[in-house]
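Engineer: Protein chains in written order, with this note's numbering: chain R, 8 to 279; chain G, 1001 to 1324.
Please keep in mind that the hints were generated in silico from the structure rather than gathered at the bench. All clues given are correct.
When the alpha-carbon atoms are kept at most 20 Å apart in a straight line, the in silico SDA-like pairs for lysine to any residue are as follows:
1. R/Lys-89 / G/Ser-1270
2. R/Lys-145 / R/Ile-176
3. G/Lys-1118 / R/Val-266
4. R/Lys-87 / G/Leu-1312
5. G/Lys-1216 / G/Trp-1113
6. R/Lys-145 / R/Glu-155
7. R/Lys-89 / G/Ala-1315
8. R/Lys-89 / G/Ala-1202
9. G/Lys-1216 / G/Phe-1197
10. G/Lys-1029 / G/Thr-1295
11. R/Lys-89 / R/Arg-169
12. G/Lys-1118 / G/Leu-1221
13. R/Lys-246 / R/Trp-13
14. R/Lys-87 / G/Arg-1317
15. R/Lys-89 / G/Gly-1062
16. R/Lys-87 / G/Ala-1202
17. R/Lys-89 / G/Leu-1312
18. R/Lys-89 / G/Leu-1316
19. R/Lys-87 / G/Gly-1062
20. G/Lys-1029 / G/Leu-1039
21. G/Lys-1118 / R/Trp-218
22. G/Lys-1118 / R/Arg-267
23. G/Lys-1118 / R/Leu-258
24. G/Lys-1118 / R/Ile-265
25. G/Lys-1118 / R/Leu-277
26. R/Lys-89 / G/Leu-1308
27. R/Lys-87 / G/Leu-1316
28. R/Lys-89 / G/Gly-1119
29. R/Lys-246 / G/Pro-1144
30. G/Lys-1191 / G/Val-1207
31. G/Lys-1191 / G/Thr-1218
32. R/Lys-246 / G/Arg-1146
33. G/Lys-1118 / R/Ala-259
34. R/Lys-87 / G/Leu-1308
35. R/Lys-246 / G/Phe-1145
36. R/Lys-246 / G/Leu-1140
37. R/Lys-87 / G/Ile-1203
38. R/Lys-246 / G/Gly-1143
Just so you know, these numbers come straight off a predicted model, no measurement behind them.
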Amino acid sequence: MTLVPWLAATTNLGLPVMLAATGGLICEKSGTAALFLEGTMLTAAFIAIRTGGGVNGLICGLAAGVTVTSCHYLLVNRAKVKDVIAGVGLNMLALAATSFCERIVPSAESVTTLSTTSGVLVAAACVALLIGCLTNPKLRLRLDITGESALQARIFGINTSRVKLASHIAAGALAGVGGALLPLMGIGTFVENMTNGRGYLALAAIVFGRWELRSVIAASIAFAALDALQLVASTQGIKADADLLSMMPYLAGLIALIVRTKRTAGPAELSG
Amino acid sequence: MKHAKTLFALIGIAFAAFALLHLQPDVVKIAFGSPMALLRFLTIGTPLLLAGLGVHACLATGRILIAGEGIYAAGGLTVAIVGTSLSNTPLGLWAGLILAFAIGGCVGLLISWLRENKGVHEVISGLLLNYILQLLTRYLANGPFRDPTSDAPHTRELPWTLPLLYPGSDLNIGLLLGCILMAAYIYVFHKTVIGRFIRSLAITDGVANVAGLPPKRTRILVMVVSAGIIGLTGAISIGSAGPFRRFPADFYGSGVGFDGLIIGLLAGPSAWLLLPSTLLIACLSHLSDALSLATSLPRQVGSLAGALLFLLAAALRYRKESRS
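Excised from the complex, chain R in its bound form:
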């Protein structure tokens, strides 16, 4: 297997997972489980393709992501639905809605794809912005206190609802951009259930990375590298079963959870 196609495939698959994972990290740090990543990415991928791709598709994907996570915020903080249940429900809804709409909404006449370089630049800009926000002591403190104890945060005069809403919007934007990049940097078309569990891999990367930005990014790329194996094997004519190779990232995700999870590692407000 040559290294270059593998690295290229890792980049194409890794950027969406990395962006979704960093978005989910912000949400989890505010004390809400980010189970919605899969549905957010899927919706954003669908919208990005149906709106013609390119920068327009990227912006529409971002908006779609924010819409999905805003729904999650309303369900969790207004309707008082358990965050995990709301996330699973939104994922089911996103899968059903995109599969349904794919059959009745006509495709865009032409879809503008993005080059790998453009994707890397977009992702780098997003991560730089995120690092900028997380290194701001005031913002970081508000996020951490809300995630550790919402009650204490309120005693300190922090508006926890606003912090949670902002973290949901940030998560939606990042996962939305990630979801939009998935088809735009890849095949340039939408396929039913095209995220295929990558949102859950992003979630596994958050847990494996123990809610630390650098570790989460590294874990996302590692999972993507395993995910890229089956793509490279099929294009390079390597004799290996595609299903077994496709299983690798999920297996690695599960093993990673077993090896690295500690009850005390995550924010205390995350539901047990």
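Keeping the supplied structure of chain R fixed, place chain G upon it in accordance with the hints.
Structural biologist: Below, chain G alone, put in the same frame as chain R:
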């Protein structure tokens, strides 16, 4: 109101039936207009009844069994492999069913062990296991256990089917088993002391601890049995007459596991509501099939309605719990 959700389910069914009768009379005719259509409805409802039962028991202990879709596929493949391997003995059928239950139980054991001892959330591990089981069953049905005489990727045909309840239909003893299990479950859940302690686990470990029921072990046991029942459901689906009797490589994704989750959530804390919830979801699935036959609407309309129902049921249930 104690039976608000039953009322809600019945109003939902009545409203949907009324709207369909007026808007698409053909759809209702296709779905329920003949004895065979009704038998088909019961056939669709059989796996849902069992899957809903499995998920509901877990929800009652405060755990979410989301790997149902993968376990259902694993159970189906198990019976296909065992049934064709032991085709010369009459034991093949029963060995397949028992092993499907055992395989499901093993997956349940892994998920609950991870949850109770390692702190891995059962939803995350369950979702990852769903993908692993999907790809593993596809690989096995397409590779080592593929029928060499067929071009289509599936296992060899089973030499038997489960005993039929009504000749000429696909309705088999799975429905009978589902009804017996449901009755036993309702009795244990509502009428026995153990059932009441198990139900208390959704709220607190304290009551079960005082009663001498170790919460961790009880949750693991319930998850194992629940996952086993879903594995058995997959086996019953494959062992049915009709389109299956062999495990197709793309068997995963039938939606039974996720429908089971919707049923479990819709039923809420009461086991009595499992039956109306199952009927509602089976009705939805059956009508969406008929709707796609009668109109040009994609059959995904059923999944869409199911997902919306899931969110609605979650909002109703958890809002109520947070108030109490």
